[in-house]
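Colleague: Here is how the chains run, residue by residue.
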Amino acid sequence: MKSRAPALEAEEPSDADLVVRAQGGETGAFESLVKRHIRAAHAVAFAVLAEQADADDAVQDGFLSALQHLDSCSPAEKFRAWLLTIVRNRAFDMRRRNRVRSVDVLEEGTARTNQPSPLEMAERSELSVRLQTAIEMLTDTQREVLMMHDVQGWKHAEIAHLLGLAESTVRVHLLHARRRLRTLLLAVAPEGQQGEAFR
Amino acid sequence: MIDPNEHDDSLDFPAPVSELSAAYPQRASAEWDALAAAIVKRASPELERRRNERGLVRSILRLARPVGAAAAAVLLLGAIGLAVTSDAEATVPAAAPSFAEVVDREPASTLLATDRPPSANDLASVLEDDSFTQVQP
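Chain order of the listed sequences is P and F. Mapping to the numbering used here: the first sequence position 167 is 167, numbers consecutive. Mapping to the numbering used here: the second sequence position 33 is 33, numbers consecutive.
Think of the hints as simulated: they come from the structure by calculation, not from any bench. As the structure is a computational prediction, the values presented were derived from the model and not from experiment. Ideal Cβ positions, reconstructed from N, Cα and C, are used throughout, including at glycine. Among the hints, erroneous ones may be present.
[Stated by the list, open to error] Some chain P residues close to chain F (C-beta under 8 Å, calculated; not the full set):
id, residue
1, Gly-24
2, Asp-56
3, Phe-63
4, Asp-150
5, Gln-152
[Stated by the list, open to error] Okay, derived cross-link-like pairs now, BS3-like style, lysine-lysine, Cα gap no bigger than 27 Å in a straight line:
id, chain 1, residue 1, chain 2, residue 2
6, P, Lys-155, P, Lys-35
7, P, Lys-35, P, Lys-78
8, P, Lys-78, F, Lys-41
9, P, Lys-155, P, Lys-78
10, P, Lys-155, F, Lys-41
[Said to hold, decoys possible] One side of the interface only, derived from the structure: several residues of chain P facing chain F at Cβ under 7 Å:
id, residue
11, Gly-25
12, Thr-27
13, Glu-31
14, Val-34
15, Arg-36
16, Ile-38
17, Gln-52
18, Ser-65
19, Val-100
20, Val-151
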């Protein structure tokens, strides 16, 4: 979190104020809420989906769903946690749908799978592709915890609060995720690079 | 408190994978702004609906205030009117006349006021109203 000057912080309306104003349809208030929480929401969605475009969609859907049900956000001070839960649920819905879709496509015998196209492969760095592949092989919780903590810098307590887990459980998931990811990365690393890049 | 980022041999807690940040592509501020703008744009129908709904509720409340006051006044006046009418129509059952009232009729009072003893005619006169028929001797 970036530290802000106290004077500036005092001028900023609280989430609760913005929620009340957005409930009345004030566009500026809703826009402020979006700008304030979009990165956290995207981080949560990306931790589940591991795809930038899918995470964008989940974030958009999550914010719209939150607006539609804004009257049920109580207390309004808890907006952030409430929003992130919505976004996370959206992301899981999308993930389930994507899995079903990919299975359907495979059953139809078409060429399209989760594997990126040669062009996409070229656009991404080799490391990103390997990471993506390895991260995809983690369990849902391991992936979420790892992405939030190691990639996006969330604290154990924040992750625990969002996922509804004990902090100690989050630490255990993180431990297993790192071990497993390391093993997976070594397994998919090209010859000669094993054990060098992932320390 | 245990910091998992520190190497702790007893826990054998693996350190973060150093290149993991590559898994989350960084975005420029302009890209975040564009995504936020897209969300706000998609949200505009819902925001407009909320504005209209809020306006409608306010209009109803504005109209409801004088209407409510008038209704309360009508109710109050009605209640007062009903109370007054009920009092007027209320009939107090007539109490049964006491023995003294029956006896204390004008001729008897006159008779008692005098010192002379009543004659048979006086008694007949007093009891006349009660269909007393004098028995001829």
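Colleague: Report the numbers of all earlier hints that the structure fails to satisfy, in ascending order.
Modeller: Hints 10, 15, 18 and 19 contradicted; others consistent.
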